[in-house]
Amino acid sequence: MTAASLTGADAKPEVSLRRRLKQAERARQLKAFALVGPLLVFLLFTFAGPIAGMLWRAVDDREVRQVLPRTVAALADWDGRDLPDEKAYAALASDIMAARAAGTLAIAAKRLNYATNGFRTILTGTARNLKAAPEPGTARETLGRINPAWRERTTWTTIKDAGGPVTGFYLLAALDLTRNVDGAIVSASPDQAIYRDVFARTFLISLSVTALCLILGFPVAYLLATLPPGRSNLLMIFVLLPFWTSLLVRTCAWIVLLQSQGVVNDSLHWLGIIDAPLRLIYNRFGVCVAMTHVLLPFMILPLYSSMKAISPAYMRAAASLGAPPVTAFLRIYLPQTLPGIGAGSLLVFILALGYYITPALVGGAADQMISYFIALYTTETANWGLASALGAVLLLATLLLALVYGKLVQGQQVTGGMKN
Amino acid sequence: MSNHSSLRTPSQRIAWTATIVISTLVFIFLIAPILAIMPLSFSSGSYLAYPLPGLSLRWYDDFINSPRWMNSLKNSMIIGVAATLLSMLLGTLAALGLAQWKSRFKPLVLAFVLSPVVVPGVITAVGLYFFFAPIGLTGSYLGLILAHTALATPFVVITVGATLQSFDTNLARAAASLGASPLQAFRRVILPLILPGLASGALFAFATSFDEVVIVLFMAGPEQRTLPREMFSGIRENISPTITAAAVILTTVSVILLATLEGLRRRNERLKGSEG
Numbered sequence: 001m002t003a004a005s006l007t008g009a010d011a012k013p014e015v016s017l018r019r020r021l022k023q024a025e026r027a028r029q030l031k032a033f034a035l036v037g038p039l040l041v042f043l044l045f046t047f048a049g050p051i052a053g054m055l056w057r058a059v060d061d062r063e064v065r066q067v068l069p070r071t072v073a074a075l076a077d078w079d080g081r082d083l084p085d086e087k088a089y090a091a092l093a094s095d096i097m098a099a100r101a102a103g104t105l106a107i108a109a110k111r112l113n114y115a116t117n118g119f120r121t122i123l124t125g126t127a128r129n130l131k132a133a134p135e136p137g138t139a140r141e142t143l144g145r146i147n148p149a150w151r152e153r154t155t156w157t158t159i160k161d162a163g164g165p166v167t168g169f170y171l172l173a174a175l176d177l178t179r180n181v182d183g184a185i186v187s188a189s190p191d192q193a194i195y196r197d198v199f200a201r202t203f204l205i206s207l208s209v210t211a212l213c214l215i216l217g218f219p220v221a222y223l224l225a226t227l228p229p230g231r232s233n234l235l236m237i238f239v240l241l242p243f244w245t246s247l248l249v250r251t252c253a254w255i256v257l258l259q260s261q262g263v264v265n266d267s268l269h270w271l272g273i274i275d276a277p278l279r280l281i282y283n284r285f286g287v288c289v290a291m292t293h294v295l296l297p298f299m300i301l302p303l304y305s306s307m308k309a310i311s312p313a314y315m316r317a318a319a320s321l322g323a324p325p326v327t328a329f330l331r332i333y334l335p336q337t338l339p340g341i342g343a344g345s346l347l348v349f350i351l352a353l354g355y356y357i358t359p360a361l362v363g364g365a366a367d368q369m370i371s372y373f374i375a376l377y378t379t380e381t382a383n384w385g386l387a388s389a390l391g392a393v394l395l396l397a398t399l400l401l402a403l404v405y406g407k408l409v410q411g412q413q414v415t416g417g418m419k420n
Numbered sequence: 001m002s003n004h005s006s007l008r009t010p011s012q013r014i015a016w017t018a019t020i021v022i023s024t025l026v027f028i029f030l031i032a033p034i035l036a037i038m039p040l041s042f043s044s045g046s047y048l049a050y051p052l053p054g055l056s057l058r059w060y061d062d063f064i065n066s067p068r069w070m071n072s073l074k075n076s077m078i079i080g081v082a083a084t085l086l087s088m089l090l091g092t093l094a095a096l097g098l099a100q101w102k103s104r105f106k107p108l109v110l111a112f113v114l115s116p117v118v119v120p121g122v123i124t125a126v127g128l129y130f131f132f133a134p135i136g137l138t139g140s141y142l143g144l145i146l147a148h149t150a151l152a153t154p155f156v157v158i159t160v161g162a163t164l165q166s167f168d169t170n171l172a173r174a175a176a177s178l179g180a181s182p183l184q185a186f187r188r189v190i191l192p193l194i195l196p197g198l199a200s201g202a203l204f205a206f207a208t209s210f211d212e213v214v215i216v217l218f219m220a221g222p223e224q225r226t227l228p229r230e231m232f233s234g235i236r237e238n239i240s241p242t243i244t245a246a247a248v249i250l251t252t253v254s255v256i257l258l259a260t261l262e263g264l265r266r267r268n269e270r271l272k273g274s275e276g
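Chains as they are written, first to last, in the working numbering: chain A, 1 to 420; chain B, 1 to 276.
Calculated directly from the structure, the hints in this document are not laboratory data.
Incorrect hints may have been included.
[Said to hold, decoys possible] Here are the simulated DSS-like cross-link-like pairs (lysine-lysine), alpha carbons at most 27 Å apart as the crow flies:
| hint | chain 1 | residue 1 | chain 2 | residue 2 |
| --- | --- | --- | --- | --- |
| 1 | A | K87 | A | K110 |
| 2 | A | K110 | A | K131 |
| 3 | A | K131 | A | K160 |
| 4 | B | K74 | A | K407 |
| 5 | A | K110 | A | K31 |
| 6 | A | K31 | B | K102 |
| 7 | A | K31 | B | K106 |
| 8 | B | K102 | A | K407 |
| 9 | B | K102 | A | K22 |
| 10 | A | K22 | B | K106 |
No experiment lies behind these values; they were computed from the predicted model shown.
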């Protein structure tokens, strides 16, 4: 009895103490999370929300549905094999008349014109010539007489496909794909298929810049990591000063240096190497040089920190075991720098993929990267669906690479290597 | 420490010499453009070419007397300072929270907090443009300050977080055991110790905002154009020597920021050294 009451008396405060500790810990964790809360809410409003909104615009397709509601409803159960029935023609006629009265026809015309070039003319021409609602039962004949396009199946599948409310149209278009008249996914016609080229070009430029940065950055990082701290800190200024100098200043400097009357051309001419100025800017060469200059520090800093962590004892051990320097370098040193090479290359590649300013300023028409087209469709032509779809593809590529980067640098400090 | 003085074989010596030669060329590549643009801003002529016809301050005069350039400098300062203050507040709180928070979701939250750095500027800019336009935040200072804060805060979280990692939490406990309230302990013990980290976070935040141009390109009205934005349109139209004067002013700001950061790093290293 005594034993039982003892354990009971002992157990009770122990349990409550454990519970109190747990409670205190939970309160501490809650407080810690509350400190992160304001930033999370802020980023939802200024970052995640806007990007989610952009992604939504890539599949949002309600313009045609809003302007031509009866037509979209009438086409809902059309199988797309023959021409739609008289009901759809009548619905279209009344929709067009209503839209013209409301002044909203241009919205639908713009959207349909993205899908089929010339649709704008079909729609506005029909609206102009449709004086009154056709007699019951004659809508098909009336519309067909106004524009023979209404006797073609593709005209109607275009409207049906654009009926929304969501669409894969822009995402397909961003990859140069489209749906044919039977709804199968096929390659877009060559005159509209430009984005695969743009993506390929974006990848190619980013890859070249990454390779250049690695080739130029490796010896520098090695030198900085090998020199005694005093001297390497001094030389680090050469890396950090450009890193901190404004992107615009650096791009401007390259234009000044590389233009036809610029320092480089003048020096080459003075040295007698060239007779006429070389074209060094507003082409691919200029883009690669300027982007390499901007992104090189992002390669050097991660490489430097990975090389700094390699103990020189390994190389000495390899040498003492009779390895020739080249073998020791290739088999002992290089493998240890691989995490740094991976991190630096990925970082440079990710940043290069999204570049806009430098190619826009020093590139020609054939050197513009994907960001340029996203900006173009947002501000100039207001094709927001396509801009968002291109943005979605770029975002996906970036996030996948960033995921790999995150795995690679897990546990490594990367404070120095990030500045966009 | 270094092994270059003990190089024995000729091949090692050749490799080391090659490293030095290539590195020197890369250093020239990195620094020469920035140095080359500077003297041009002091040219008395209006061509951006060497040799300079003579020295003059006329392009700085041009810059100072141009309402367009001065307004852009003012805007850069207003937006930069405001974004720095806001990102310091949000970023420091978050870094303090993240340092104590234990959860398996922490890597996910951290990745989200840092993602504005990785996502291409154009994507953020387009998203903000769509999102802010209907609520009247495009063409406003507030909209730009909020956007720049989102871009700058990750740097504050990283730098302050790094400082907190080396911070000895026993000091805070000692303060509490001596009767300090949490706020007192923060103000009198924690804050002075993490201040260098806060300062470098602020420098990173300001530099991020001061250099940002893509978002400004999409969101700023004519009233809010910043210095990089003016430079962008200036370079696009035709490069006048006034732009080189603006470039020198921008570079001077970066040198000041870099020197301050280096000073902070040195001070930190000294403090660490005196402890051990």
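To see whether the hints hold, each was checked on the structure:
no.: 1; hint: K87/A <-> K110/A; verdict: holds, 25 Å
no.: 2; hint: K110/A <-> K131/A; verdict: holds, 22 Å
no.: 3; hint: K131/A <-> K160/A; verdict: holds, 25 Å
no.: 4; hint: K74/B <-> K407/A; verdict: violated, 42 Å
no.: 5; hint: K110/A <-> K31/A; verdict: violated, 52 Å
no.: 6; hint: K31/A <-> K102/B; verdict: holds, 11 Å
no.: 7; hint: K31/A <-> K106/B; verdict: holds, 15 Å
no.: 8; hint: K102/B <-> K407/A; verdict: holds, 20 Å
no.: 9; hint: K102/B <-> K22/A; verdict: holds, 14 Å
no.: 10; hint: K22/A <-> K106/B; verdict: holds, 20 Å
Checked against the numbered hints above, the structure breaks hints 4, 5 and satisfies the rest.
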